[in-house]
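Engineer: From just these sequences and the hints, can you work out the full model?
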Amino acid sequence: MDSRVPPDLRDGIRDTLPLLLGIVPFALVAGVAGIEAGLTPLQTVGLSVVVFAGASQLAAIDLLGRDAALGVVVLTVVVVNLRMLMYSASIAPYFRELSARVRAGCAYVLTDQAYALSLARYAGDRDRETTTRRPYYYLGVALTLWIVWQAGTVVGVVFGAAVPDSWRLGFAVPLVFLALLVPAVSDVPSLGAAVVAGVVAVLGAGLPFNAGLIVGAVVGVATGIALDESRLGSAGGGSGGGDVTDSDPAEGH
Amino acid sequence: MATSYGPLSIWAVIVAGGLATFAIRLSFIHLFGRVDEVPPWLERALVYVPAAVLAALVAPDFAPASATVEAALTPELLGGAAAVAAAWRTEDVLWTVAAGMVGLHVARFLL
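So the sequences go chain by chain: A and B.
Residue 181 in the working numbering is what sits at position 181 of the first sequence, and the numbering runs on without skipping anything.
Start counting at 1 in the second sequence, then tack on 1000, and there's your number in the working numbering.
By construction, these hints were calculated from the structure, which means they are not laboratory data.
It cannot be assumed that every hint is accurate.
Said to hold, decoys possible - A short, non-exhaustive set of chain A residues, derived as facing chain B with CB atoms under 8 Å: (1) 29; (2) 39; (3) 74; (4) 216; (5) 221.
To be verified - Every beta carbon over 12 Å from chain A, so not counted as near; a handful from chain B, in silico: (6) 1070; (7) 1071; (8) 1073; (9) 1110; (10) 1111.
Computed from a predicted structure; not experimentally measured.
Cβ coordinates follow ideal geometry from the N, Cα and C atoms, glycine included.
Structural biologist: Here it is, written out as structure tokens:
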């Protein structure tokens, strides 16, 4: 590679390469599923470019395919991506010195993986890095993911249009959700959140506007919090509630 | 399975979802200095969002059409079970999707 390429950028690209094993099939699914749900190739690729967040794209495709109310589709995208609030808050100090425009660009390409890799690196060598060099590593990761994601979606769109329906490639969408769900269920409160949310969503499947999904998610989150409360209570309350989130910076894939 | 929405509705969803997602990503990166922490109550709730939302999304795709045992044994459910087993073992999207698709088609052949 050109020696004028900043070393941090190169490191970011290099560290991203192993992740592509998981990203490429995910992007292919996003492309195939869009076509199967009746979106045009341009809409499917547009979704990848404009939203650029895998799980929420698949949720939108899934719900559009079921003719869910448009407001519910947008709300679901928002809820699926809400975790990025935590990433935004956590990585913000490292972008403080950048111009507003560069910060906006960095925000656009913020993903689970870019956050997790960059924060690990930034937290690892606090002294060496100057703030002006900081975005290079981040951009190495984030832009590599962006390019591969868009290319993968395009290939999926082409592939999806050519494959017979009997292959049932659209079934990959709920499978991807399962792949993300299983690691997200890591303890009793998150298991309770998932079970209650799933049951409520099924019971509410007949509700108008796919409200069962939203109600299920809200009741599920409430269940998780309640179970967490009662666990802290029975543990004597000594551990406090302030560090609940430290263990899972990279939920989703 | 295919949507009956027209192009205008779909583009509206894409743009609205994209703008909202960008706003979430930009929120603290933009505001840093004025707001520097996610409120603790929100942070606690966010911990359970992935498990709850993903379960609510996926459950209707696998729910049986009726309550009898025969009706519950669908290729989709068996494919889903294979996928959960693979997800548990590998925590890998590729293996999970592969196991689920193989499970679906084997079950369609056998049932």
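Engineer: With reference to the structure, classify each hint as holding or not holding.
Structural biologist: Checked hints:
1. With its C-beta approaching chain B no nearer than about 7 Å, residue 29 of chain A sits inside the 8 Å limit, and its interface hint holds.
2. Interface restraint check for residue 39 of chain A: the shortest CB-CB distance to chain B comes to about 6 Å, inside 8 Å, so the restraint holds.
3. For residue 74 of chain A, the shortest C-beta to C-beta distance to chain B is roughly 5 Å, which falls under 8 Å, so the interface hint holds.
4. The closest approach between the C-beta of residue 216 of chain A and any C-beta of chain B is roughly 4 Å, which is under the 8 Å cut-off, so the hint is satisfied.
5. For residue 221 of chain A, the shortest C-beta to C-beta distance to chain B is roughly 5 Å, which falls under 8 Å, so the interface hint holds.
6. Distance check for residue 1070 of chain B against chain A: the nearest CB is about 19 Å away, which clears 12 Å, and the non-interface claim stands.
7. For residue 1071 of chain B, the condition that its CB be more than 12 Å from all CB atoms of chain A holds, with the nearest at approximately 14 Å.
8. With 12 Å as the threshold on Cβ separation, the claim that residue 1073 of chain B sits away from chain A holds: the shortest Cβ distance comes to roughly 16 Å.
9. Distance check on residue 1110 of chain B: its Cβ is at least 15 Å (rounded) from any Cβ of chain A, clearing the 12 Å threshold; non-interface status holds.
10. The beta carbon of residue 1111 of chain B sits about 14 Å from the closest Cβ of chain A, which is more than 12 Å, so the claim that it is off the interface holds.
Checked against the numbered hints above, the structure breaks none of them.
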